[in-house]
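Numbered by the UniProt record's numbering, the letters in the sequence shown go through residues 1 to 281 in order.
Hints may be right or wrong, so weigh each one.
[As the list claims (entries may be wrong)] Pairs of lysine-lysine residues, derived as BS3-like cross-links and limited to a Cα-Cα distance of at most 25 Å, are as follows:
id	residue 1	residue 2
1	K18	K222
2	K225	K141
3	K222	K141
4	K199	K222
5	K225	K203
[Stated by the list, open to error] Each pair of labels, with its calculated beta carbon distance range:
id	residue 1	residue 2	range
6	D67	D90	18 to 24 Å
7	S187	A23	35 to 41 Å
8	R9	S92	23 to 29 Å
9	H6	S192	31 to 37 Å
Read the hints as simulated data drawn from the structure, not as lab findings. Note that the coordinates shown come from a computational prediction; the quantities given were computed from them, not determined experimentally. Cβ atoms here follow ideal geometry from the backbone N, Cα and C, with glycine treated the same way.
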Amino acid sequence: MTIMSHGKRIFSGGMDRKIRMWAPSGESFGKLTQSFKGSILSMVMGEDEKCRTLYTGSWDTNVLVWDCVTREVKQTITGHTGTVTSVAVDASFIITCSHDSTIRVWDIRTYECLRVITHHSSAIHCMSYHNKLIITGGVDKTIHVTNSGSGELVKTFVGHKAPVTALVRQHNLIASGDRDGTVMFWSIEGASEPVESIKAHDKQINSIALSGGRFLTASADKLVKEWELVTMTCVRILQGHVNEVTGVLYTPKYLITSSRDSSVRLWWWGSEDGRKEQPLL
Numbered sequence: 001m002t003i004m005s006h007g008k009r010i011f012s013g014g015m016d017r018k019i020r021m022w023a024p025s026g027e028s029f030g031k032l033t034q035s036f037k038g039s040i041l042s043m044v045m046g047e048d049e050k051c052r053t054l055y056t057g058s059w060d061t062n063v064l065v066w067d068c069v070t071r072e073v074k075q076t077i078t079g080h081t082g083t084v085t086s087v088a089v090d091a092s093f094i095i096t097c098s099h100d101s102t103i104r105v106w107d108i109r110t111y112e113c114l115r116v117i118t119h120h121s122s123a124i125h126c127m128s129y130h131n132k133l134i135i136t137g138g139v140d141k142t143i144h145v146t147n148s149g150s151g152e153l154v155k156t157f158v159g160h161k162a163p164v165t166a167l168v169r170q171h172n173l174i175a176s177g178d179r180d181g182t183v184m185f186w187s188i189e190g191a192s193e194p195v196e197s198i199k200a201h202d203k204q205i206n207s208i209a210l211s212g213g214r215f216l217t218a219s220a221d222k223l224v225k226e227w228e229l230v231t232m233t234c235v236r237i238l239q240g241h242v243n244e245v246t247g248v249l250y251t252p253k254y255l256i257t258s259s260r261d262s263s264v265r266l267w268w269w270g271s272e273d274g275r276k277e278q279p280l281l
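Working from the sequences, and respecting the hints, build out all of it.
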C-alpha cells in the first residue's frame, strides 16, 4: 500500500487496485477504481493551479493521469516494460522509474516521452525528485543523481550492501534505506560515500520521512521508528500494524503510516508512543 497527503486529503492505494481519498477524520471522499490492472505503488499530486490532477504508477507498467474532480482517467501513459515503482512531477515534467531499470522523462502537457535514462544496471525501487534533480536507488545498490533536463548523470553514491528500497531528500541531505534495514545519509554536494550510517531495523526499510531535525523509518518488521538526526538515536517506536509498514509521512498534525495489513493509521505528534487514531481502512 502507498499513501500520500495533500492539503486536507489523504490518498491511499494498494493491492486492491483502488485509490481512496480520505479526510483525517476518517471520512471517505470516494474512490478512483477504473483502469488499474495491478497493485498501485506510487502516486503524486500535480502542480496545476487547482491541484486536481493525480498521477499513479502500478504493477501493470502504466502511468495513469487522473482528474480528481470527475474521477476519470485523462491519460494512460505507456512505455515502461516493467512495474512503475515511483512517479514525480514538476511544472514541466512527469518523471517515472521502473523495474525495467529505466527512468523516463515525459512532457507534462503532451505526455510525450522526452528521454529514457539508463544509468542503473537493474530494477529501480525508489525515487526522490526536487529542483530538477532525480535521485534513484535500486537493486544495483547504488544511488544516482540525474539532471531531469539533460538526462546527465550528476553523481553516484556507493555504500549500501543490499538493494536500495527507500529514498528521501531534505535540502542537500539524502536519506536512503535498504533491504538489510540499514539507513545511510549522503550530502548532495559532498563525497560519494555516506556521511552517516545506522542499522535502523532488522528487516527491509520500506519508507523514510525527514522533517527538521528528526526522521522516520518504516520497515517490514511491522515497526515505525522516529530518530534524532544529529545523534542518530531512536526516540520512539510506533507499534500497531500487524504486517509490514509500507509508507510513512510527516504532516503538521499527524504522522501517517500505511501497511500490508490494509490499514492507514494516524498517530499524534505529541505523545511518546504516538497514540494512534482509529485506522482509516
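For each hint, the structure was consulted:
A distance of roughly 23 Å separates the Cα atoms of K18 and K222; the hinted pair therefore holds under the 25 Å criterion. Pair hint K225 plus K141 holds up; C-alpha atoms about 23 Å apart against a cutoff of 25 Å. Restraint check for K222 and K141: satisfied, since their Cα atoms lie roughly 23 Å apart, inside the 25 Å limit. A threshold of 25 Å between alpha carbons decides the hint, and for K199 with K222 the separation of about 16 Å falls inside it, so the pair holds.
For a cut-off of 25 Å, the pair hint linking K225 to K203 stands: about 13 Å separates their Cα positions. Range check, D67 to D90: Cβ separation about 19 Å, and the 18 to 24 Å hint holds. Take S187 and A23: their Cβ atoms lie about 38 Å apart, and the range 35 to 41 Å holds. A C-beta distance of roughly 25 Å is found between R9 and S92, which places it inside the suggested range of 23 to 29 Å.
The beta-carbon spacing between H6 and S192, approximately 34 Å, falls within the hinted interval of 31 to 37 Å.
The structure fails none of the hints (numbered hints given earlier).
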